[in-house]
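Chains as they are written, first to last, in numbering that gives the first Met the number 0: chain A, 0 to 132; chain B, 0 to 132; chain C, 0 to 132; chain D, 0 to 132; chain E, 0 to 132; chain F, 0 to 132.
Calculated directly from the structure, the hints in this document are not laboratory data. Glycine included, C-beta positions come from ideal geometry on N, C-alpha and C. Take these hints with a grain of salt, some might be off.
Unchecked claim - When the alpha-carbon atoms are kept at most 30 Å apart in a straight line, the in silico DSBU-like pairs for lysine-lysine are as follows:
{"hint": "1", "chain 1": "B", "residue 1": "K91", "chain 2": "A", "residue 2": "K91"}
{"hint": "2", "chain 1": "E", "residue 1": "K91", "chain 2": "F", "residue 2": "K27"}
{"hint": "3", "chain 1": "C", "residue 1": "K91", "chain 2": "D", "residue 2": "K98"}
{"hint": "4", "chain 1": "C", "residue 1": "K53", "chain 2": "D", "residue 2": "K98"}
{"hint": "5", "chain 1": "C", "residue 1": "K53", "chain 2": "C", "residue 2": "K27"}
{"hint": "6", "chain 1": "C", "residue 1": "K98", "chain 2": "D", "residue 2": "K98"}
{"hint": "7", "chain 1": "D", "residue 1": "K53", "chain 2": "D", "residue 2": "K27"}
As the list claims (entries may be wrong) - Listing some non-contacts, in silico: residues in chain E with all C-beta distances to chain A over 12 Å:
{"hint": "8", "residue": "E8"}
{"hint": "9", "residue": "R16"}
{"hint": "10", "residue": "P42"}
{"hint": "11", "residue": "A84"}
{"hint": "12", "residue": "E126"}
Protein chains: 6
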Amino acid sequence: MATFPLIDENAASAEVRAVFDDIRATRKVDWINNFWRALANHPPTLRRIWQGLKEVMAPGALDPLTKELIYLAVSISNGCVYCTASHGAAAKRLGMSPKMLGELIAVVGMANQTNRLADGYRVPVDERFENLF
Amino acid sequence: MATFPLIDENAASAEVRAVFDDIRATRKVDWINNFWRALANHPPTLRRIWQGLKEVMAPGALDPLTKELIYLAVSISNGCVYCTASHGAAAKRLGMSPKMLGELIAVVGMANQTNRLADGYRVPVDERFENLF
Amino acid sequence: MATFPLIDENAASAEVRAVFDDIRATRKVDWINNFWRALANHPPTLRRIWQGLKEVMAPGALDPLTKELIYLAVSISNGCVYCTASHGAAAKRLGMSPKMLGELIAVVGMANQTNRLADGYRVPVDERFENLF
Amino acid sequence: MATFPLIDENAASAEVRAVFDDIRATRKVDWINNFWRALANHPPTLRRIWQGLKEVMAPGALDPLTKELIYLAVSISNGCVYCTASHGAAAKRLGMSPKMLGELIAVVGMANQTNRLADGYRVPVDERFENLF
Amino acid sequence: MATFPLIDENAASAEVRAVFDDIRATRKVDWINNFWRALANHPPTLRRIWQGLKEVMAPGALDPLTKELIYLAVSISNGCVYCTASHGAAAKRLGMSPKMLGELIAVVGMANQTNRLADGYRVPVDERFENLF
Amino acid sequence: MATFPLIDENAASAEVRAVFDDIRATRKVDWINNFWRALANHPPTLRRIWQGLKEVMAPGALDPLTKELIYLAVSISNGCVYCTASHGAAAKRLGMSPKMLGELIAVVGMANQTNRLADGYRVPVDERFENLF
Numbered sequence: 000m001a002t003f004p005l006i007d008e009n010a011a012s013a014e015v016r017a018v019f020d021d022i023r024a025t026r027k028v029d030w031i032n033n034f035w036r037a038l039a040n041h042p043p044t045l046r047r048i049w050q051g052l053k054e055v056m057a058p059g060a061l062d063p064l065t066k067e068l069i070y071l072a073v074s075i076s077n078g079c080v081y082c083t084a085s086h087g088a089a090a091k092r093l094g095m096s097p098k099m100l101g102e103l104i105a106v107v108g109m110a111n112q113t114n115r116l117a118d119g120y121r122v123p124v125d126e127r128f129e130n131l132f
Numbered sequence: 000m001a002t003f004p005l006i007d008e009n010a011a012s013a014e015v016r017a018v019f020d021d022i023r024a025t026r027k028v029d030w031i032n033n034f035w036r037a038l039a040n041h042p043p044t045l046r047r048i049w050q051g052l053k054e055v056m057a058p059g060a061l062d063p064l065t066k067e068l069i070y071l072a073v074s075i076s077n078g079c080v081y082c083t084a085s086h087g088a089a090a091k092r093l094g095m096s097p098k099m100l101g102e103l104i105a106v107v108g109m110a111n112q113t114n115r116l117a118d119g120y121r122v123p124v125d126e127r128f129e130n131l132f
Numbered sequence: 000m001a002t003f004p005l006i007d008e009n010a011a012s013a014e015v016r017a018v019f020d021d022i023r024a025t026r027k028v029d030w031i032n033n034f035w036r037a038l039a040n041h042p043p044t045l046r047r048i049w050q051g052l053k054e055v056m057a058p059g060a061l062d063p064l065t066k067e068l069i070y071l072a073v074s075i076s077n078g079c080v081y082c083t084a085s086h087g088a089a090a091k092r093l094g095m096s097p098k099m100l101g102e103l104i105a106v107v108g109m110a111n112q113t114n115r116l117a118d119g120y121r122v123p124v125d126e127r128f129e130n131l132f
Numbered sequence: 000m001a002t003f004p005l006i007d008e009n010a011a012s013a014e015v016r017a018v019f020d021d022i023r024a025t026r027k028v029d030w031i032n033n034f035w036r037a038l039a040n041h042p043p044t045l046r047r048i049w050q051g052l053k054e055v056m057a058p059g060a061l062d063p064l065t066k067e068l069i070y071l072a073v074s075i076s077n078g079c080v081y082c083t084a085s086h087g088a089a090a091k092r093l094g095m096s097p098k099m100l101g102e103l104i105a106v107v108g109m110a111n112q113t114n115r116l117a118d119g120y121r122v123p124v125d126e127r128f129e130n131l132f
Numbered sequence: 000m001a002t003f004p005l006i007d008e009n010a011a012s013a014e015v016r017a018v019f020d021d022i023r024a025t026r027k028v029d030w031i032n033n034f035w036r037a038l039a040n041h042p043p044t045l046r047r048i049w050q051g052l053k054e055v056m057a058p059g060a061l062d063p064l065t066k067e068l069i070y071l072a073v074s075i076s077n078g079c080v081y082c083t084a085s086h087g088a089a090a091k092r093l094g095m096s097p098k099m100l101g102e103l104i105a106v107v108g109m110a111n112q113t114n115r116l117a118d119g120y121r122v123p124v125d126e127r128f129e130n131l132f
Numbered sequence: 000m001a002t003f004p005l006i007d008e009n010a011a012s013a014e015v016r017a018v019f020d021d022i023r024a025t026r027k028v029d030w031i032n033n034f035w036r037a038l039a040n041h042p043p044t045l046r047r048i049w050q051g052l053k054e055v056m057a058p059g060a061l062d063p064l065t066k067e068l069i070y071l072a073v074s075i076s077n078g079c080v081y082c083t084a085s086h087g088a089a090a091k092r093l094g095m096s097p098k099m100l101g102e103l104i105a106v107v108g109m110a111n112q113t114n115r116l117a118d119g120y121r122v123p124v125d126e127r128f129e130n131l132f
């Protein structure tokens, strides 16, 4: 039920195994989830996405949990089942409680509601909201 | 260029004015932005959305800034111009710096990218990611 | 500010003019709105879309106003500015009142909200809801 | 295969049970569908969404069936599997026939098609379509 | 687990069978996939969609494989599971290799990423990009 | 009317200028379009996105024009105004004719239509379409 077979963690090529090893080391986990095993069918994508994700999700002006909450919220809003499950698990690992998730989903629902209200009423942007920074 | 005329802050009906007053008091601002002036064309929606938004965005297990960042991220991801501008301003008021916004947009972009990769590869959910709580 | 120039109502080719004439006759209007003037840059698309639209929007088990309300609701939900404006005007011509539009937008907002809640909670479909007809 | 366990109809807290009772009474049904049992994991969301839905879907300028058809159309357009199933069942209960559903899906498909055509051709809004009401 | 039962290839009405026969003849296949068997519940939709699809996907300024790749890319981007599977198979039949699919999914992911970056930064369109043709 | 000011091509920091120079050299153009000038407000994003885009859009199993057509199709389908304009221009530079664009938009429209039909009818994936490669 997948587009490509999932690449076996152990039987992967050297190029793929190097990325898998970095995923395990960076995340301090001992297994590789299906997303990366699927991407391994196209090694340049596997490498590029992992490098990009590692860079984007590293601690910065936003802490890792806040970043995961944003990632999860966008994934729910896009209706991506896999990403909702995997980033839900990632956020939980970083400290997201059931109550935090309940509030996050409520914000996602409310944002989707008011996004459509703004479009339905064709609300013009207030001048004071232009040029944010 | 709007579906309905924007209701004048001062010439509104008593029902609408009561909501406008609560918005100004709750947010400690002295004006009403276009979103609410548009919704005022349908007072039951104005009242219901404002009450819901006030409840959802109140401090809870997630703090108000984190909630605004999630709201902004979803609005960007949905391509809602008005909401991106208004919730960008709201997040800035609560302390979002240019660097935080740069990182937020990067996470939104990355999530949209991997959401589609997961769908393109039709990745099955790992058993370990089921039953989150 | 368009991808292609809008084709002049009067200077169009015979093939395009035939569709324009049918639009004016079917809708009992004396002008052609920009959507069709843009599509006229690719005559097979102009003809195919007009024929399909005429068939789909004709009275059937659903009356024309109900069909226009559904069309408008989907257009708002998709954030399509042009379609929100044009199908809003079409629905108004068929009898949509300001109050009906207010309720329609409220339903669109609510549906977008609960769609995301269902995805966020990953709610399994109840057995009783399977096999609708 | 859900984010949270579905709350048992009978073992719920008093707060949740009060909402469940109101759902059963309002809809004249003797069971609670999974959507509400999932939301019951976050009681403030359960209460707020139910109150909002009850208000928005009540008879008004639009009758309940028309509202359900709009709800269903948006849910299909958003690709929400659960909502398509549950609002399909709700619309059927209110009188939607197989032929009406066939026409509804055709309108949803057509709207999604022309929404993208309008975006692809970047069609400017006709002046006559501005300021709807 | 479908909205309507799938219509049996052999037990269909004459009207439906005529479309099924044309699908088999045009595609040089000896079976009818589920999409058409579902649409057969509403014969006018079955006929209209098949005619439109046949016209749109015929060789033209773009060759059939390029058209299928575009179709598949849009289906992935929209998260349509059925269409991703069926148009993936169609593209493969026309010559899409695993490497081509890997690159296609990478482009879809990148486009979704930069689409949201453009929206997040609210980038104004460069004058040189106006009036494409 | 942007979230951040557009960074001046000439007054940029050394880090940003290096990316701008590479964009000009790679594309053989003598100016920088607004997208990159906006991203330059967050240099790590500018660098990462440019590197990724350069890699993904390079000739491979798919030629550059086919990749641009896919990119443009996804951008139209997502309703991204900026990306529709910029990737439309890029595809034109690589040889896209008006007729090719007309066909591309027709395919995007048709795909969006049938994507929603498949979701509306909740069509189960045919067994023959599983395990594509």
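Do the hints match the structure? See the list:
no.	hint	in the structure
1	K91(B) with K91(A)	holds (27 Å)
2	K91(E) with K27(F)	violated (35 Å)
3	K91(C) with K98(D)	holds (25 Å)
4	K53(C) with K98(D)	holds (18 Å)
5	K53(C) with K27(C)	holds (13 Å)
6	K98(C) with K98(D)	holds (28 Å)
7	K53(D) with K27(D)	holds (13 Å)
8	E8	holds (24 Å)
9	R16	holds (31 Å)
10	P42	holds (31 Å)
11	A84	violated (8 Å)
12	E126	holds (19 Å)
Taken one by one, the earlier hints fail for this structure at numbers 2, 11, listed in ascending order.
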